[in-house]
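Undergrad: This is what each chain is made of:
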Amino acid sequence: MEADTSAVNVPLYRKVRAVVVVWMTLMILGAFSFGGLWLNIPRINILEHTARNLYFHVPMWFTMMAATVVSVNHSLRYLKSGHLIRDTRAREAALLAVVFGLLGLATGSTWAHYTWYEGSDLWWNFDPKQSMAAVQVLIYGAYFVLRSALDDPEKRARIAAVYNLFAFVTVPFLLYVLPRQLESLHPGAEGNPAFSEITHPIMRLVFYPAVVGFIGLFWVLYTQRVRTALLQERLDALDMPDL
Amino acid sequence: MMLPQQVVPDTTQTTAFDSIWANPDVPVETLNWLDQLMLSQDKLFVVLAVVLIIWFGLVFFVFRTDRKLHRLERTLEERIGPKE
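Protein sequence lines, in the order shown, are assigned to chains A and B.
Position one of the first sequence corresponds to residue 1 (the working numbering), numbered consecutively onward.
Position one of the second sequence corresponds to residue 1 (the working numbering), numbered consecutively onward.
Don't read these hints as lab results, they were simulated from the structure.
Remember, it's a predicted structure, so these values are computed and weren't measured experimentally.
Some clues are possibly wrong.
Straight-line alpha carbon distances no greater than 35 Å define the calculated DSBU-like cross-link-like pairs of lysine-lysine that follow [to be verified]:
#1 K155(A) - K80(A)
#2 K80(A) - K68(B)
#3 K15(A) - K68(B)
Covered stretches of chain B (in silico footprint by chain A; criterion: 3 or more residues with CB under 8 Å from a CB of chain A, positions within the stretch not fixed) [unchecked claim]:
#4 43 to 52
#5 55 to 65
Think of the CB as a built atom: it goes at the ideal place given N, C-alpha and C, for glycine as much as any other residue.
Build the full structure now, drawing on both the sequences and the hints.
TA: This is the structure:
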């Protein structure tokens, strides 16, 4: 294992962490500002204040996609270099992808219950985008099932990296292409733009920073995981000094 | 078809004799406390619920990472002894 590929840039990590904390605080304040102060959002029937979930639910999916990009990037680099650190990074990024995917499903289900399914007991009604997103999370969940089935680190890393390539290829189709072809309650269905005319331009002022903030938060959590995993690997290496 | 001797029920005032009471389609207050809370304040509490889901989800994740670190610390202590 080469030193330059295994080290985490801790000073950079600390800087990003500080920026993320301040950034997210401002984002949450922006998300909840109303009452004629600033960033007032338009009132839409049924949606009402839940329109603000745009700042929280949608970035979950953007963050999941970012995590899958990071993950597949390291899987590719593992296949090229054979450094196990790449496998570790791919694994931790995929784990964060699952975490943000699950949060996206949970928040989406809650939002839908009080808007789409208001007046019914439904939390889940197989909206195409919901179903595709659930399948996507399961595909990444299977990545970990596959990993747990293999004992040899090199073999596990190689097979998991190849699986990760296939998993990543499904992301744009399941989260982007297919839901747009099908009839869905989600904005962006049937070829419409996801940001339609009912999405007030002022909401972009919070939405885009929210996406950046959550991706930053992902990066902080991911780096923590990588640091912990590297520590684990160094400890494991102590057990086998001749390897 | 309304017969001339029939009277249109007065639904502007809700008295016990109004036909509106017999109509099963009229929404009645059957919401449980959670739905009542969530639909109040123009559904602002739905946003709170979503934020709390994300918050507790991430806290749960951070705690798992923390537990992993704790295990590593214990392993390290077993191998090289406690830090002086």
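Undergrad: Next step is simple, just say for each hint if it's right about the structure.
TA: These are the hints, each one checked on the structure:
1. K155(A) - K80(A): holds, 14 Å
2. K80(A) - K68(B): Given pair K80(A), K68(B) holds - Cα atoms ~30 Å apart, limit 35 Å.
3. K15(A) - K68(B): holds, 24 Å
4. 43 to 52: holds (count 7)
5. 55 to 65: With 5 residues closer than 8 Å to chain A, the stretch 55 to 65 of chain B meets the three-residue bar; holds.
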